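J.: Could you put together the complete structure from these sequences and hints?
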Amino acid sequence: MDDRELIGRVLAGDPRAERELYEAHVDRVFRLSCRMAGDPHRAQDYTQETFIRAFRRLGDFRGESALSTWLCAIAVSVTLNGIRAQRRARDREVGLDDAPAIGSRSIEADPDLKTRMAHAIDELPDGYRTVFVMHDVEGYTHQEIASALGVQPGTSKAQLFRARAKLRTALADFARD
Amino acid sequence: MLLDDRRHDDGQDDDRDDLPDEPLEPSLLAAAREYHRPPEPPREAMWRAIQAERRRARAVRPARRRWVAWAAAAAAVLAVGVGIGWMSRTALPHNGGASTASWGPPGASPRINETAYRMATVEHLGQSEAFLTLFRASVQSAGQERLASGTARQLLATNRLLLDSPAAADRRTRLLLEDLELVLAEIAQLAADDRPDDRTLIREGLDRGGVLSRLRTEVPAGSTPTRGDL
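In the order they appear, the protein sequences are chains A and B.
With the first letter of the first sequence counted as 1, position 31 gets the number 31 in my numbering; the numbers rise by one all the way through.
Each position in the second sequence, counted from 1, maps to that position plus 177 in my numbering.
Think of the hints as simulated: they come from the structure by calculation, not from any bench.
Nothing here was measured: the structure is a model prediction, and the numbers come from that model.
C-beta atoms are modelled at their ideal positions from N, C-alpha and C, and glycine is treated no differently.
Check each hint, because a few of them may be wrong.
Claimed, not checked - Subject to a maximum C-alpha distance of 16 Å in a straight line, what follows is the list of computed EDC-like cross-link-like pairs (lysine to aspartate or glutamate):
id, chain 1, residue 1, chain 2, residue 2
1, A, 166, B, 202
2, A, 166, B, 300
3, A, 114, B, 211
4, A, 166, A, 122
5, A, 114, A, 173
6, A, 166, A, 126
7, A, 166, B, 198
8, A, 114, B, 355
9, A, 166, A, 123
Unchecked claim - To be clear about the criterion: a stretch of chain B counts as covered by chain A if any three or more of its residues have a C-beta under 8 Å from a C-beta of chain A, and this derived list gives those stretches:
id, region
10, 204-212
11, 216-224
12, 227-233
T.: Pasting the structure below:
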């Protein structure tokens, strides 16, 4: 069944169609949200919010992109807003005396590649990290990323290029292996 | 837009399409794919939460539409009242010693004025009766209380206008408007001062003063078209 037919059934009030739409996309939305948020519980909240918004605004979906891309755009927006809100709340809670400890993890204390890579990805600017996670980690195309983020595919490609360069620099010792 | 920082701290233009696509080395890529590796999605739990939220939203939406309709109707009654008030004030003698019988534009029949007031009063009482019936039956959450208090404030404004007009010359109508004012004022306070017992007290007050039954007596059947929506 194509997107248009499924959407038509959802808008007509068919509860089975709602469930079909959810089942078809929930894994992808949850995975992306979890990758970006780094916390499965928050990812669960963001995924729920994504589908609640999607069902509410489904009548506005014009079919200019695939339904999966449209859902992805909502998921990215919901997740990034959630991450920013969480960051603001954390910044309020952390006193100045504690601030230097954040982000200065000791590389020597944690030489494992996966951990070093996770830290390096965390250190990327938001834009780089989002594109890198979507493309290299979750396998989205530049076209999908561009549609979801509202940018040109060239911007997505450039962001990915720079993200990889930063990661290579941060993990230079491992890259040589 | 998310990626609006096309020129970054390092001064690089970030909107270029001609950069080479050099994939990460396999070991780095494998490590990257472990980044925040998601567990199995809790599909059922999320679906239940989504459905619960959608049911809640559907339950609130019709009620919201009804409150908005009442607010619009109350505003219309208020406009009628203001119009009556304006007509009446233009006709007031400058010595301020007017009796209710002397209100009205020069040459206007007192009978026409009485009819206009009675129509506005009946309309207002009908709206109030429908609003209080709805309030009594359905206000259960703080969100709805805020909507109810907004409508109550609108009705309260109309109520006070009518209390200050010849419409209150009739003793029974005046007493009803005075009792109604107390109830509407209490509901109008709900959002600002949200105590759990307030709704119970208001409902008990409605029952004790018989405001609803008196309203129903005053309002001729079918005089408020929107009542059928309840």
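J.: It remains to establish, for every hint, whether it holds in the given structure.
T.: Evaluated hints:
1. A:166 <-> B:202: 13 Å, holds
2. A:166 <-> B:300: Given pair residue 166 of chain A, residue 300 of chain B is violated - Cα atoms ~71 Å apart, limit 16 Å.
3. A:114 <-> B:211: 7 Å, holds
4. A:166 <-> A:122: 11 Å, holds
5. A:114 <-> A:173: 13 Å, holds
6. A:166 <-> A:126: 13 Å, holds
7. A:166 <-> B:198: Roughly 14 Å separates the two Cα atoms, so the pair holds.
8. A:114 <-> B:355: Answer violated: residue 114 of chain A to residue 355 of chain B is near 74 Å, above 16 Å.
9. A:166 <-> A:123: 9 Å, holds
10. 204-212: holds (count 8)
11. 216-224: Our answer is that it holds, as 7 residues pass the Cβ test (under 8 Å) against chain A, meeting three.
12. 227-233: Held - the region 227-233 of chain B has 3 residues with a Cβ nearer than 8 Å to chain A, which meets the minimum of three.
Violated hints, in rising order: 2 and 8; the structure is consistent with all others.
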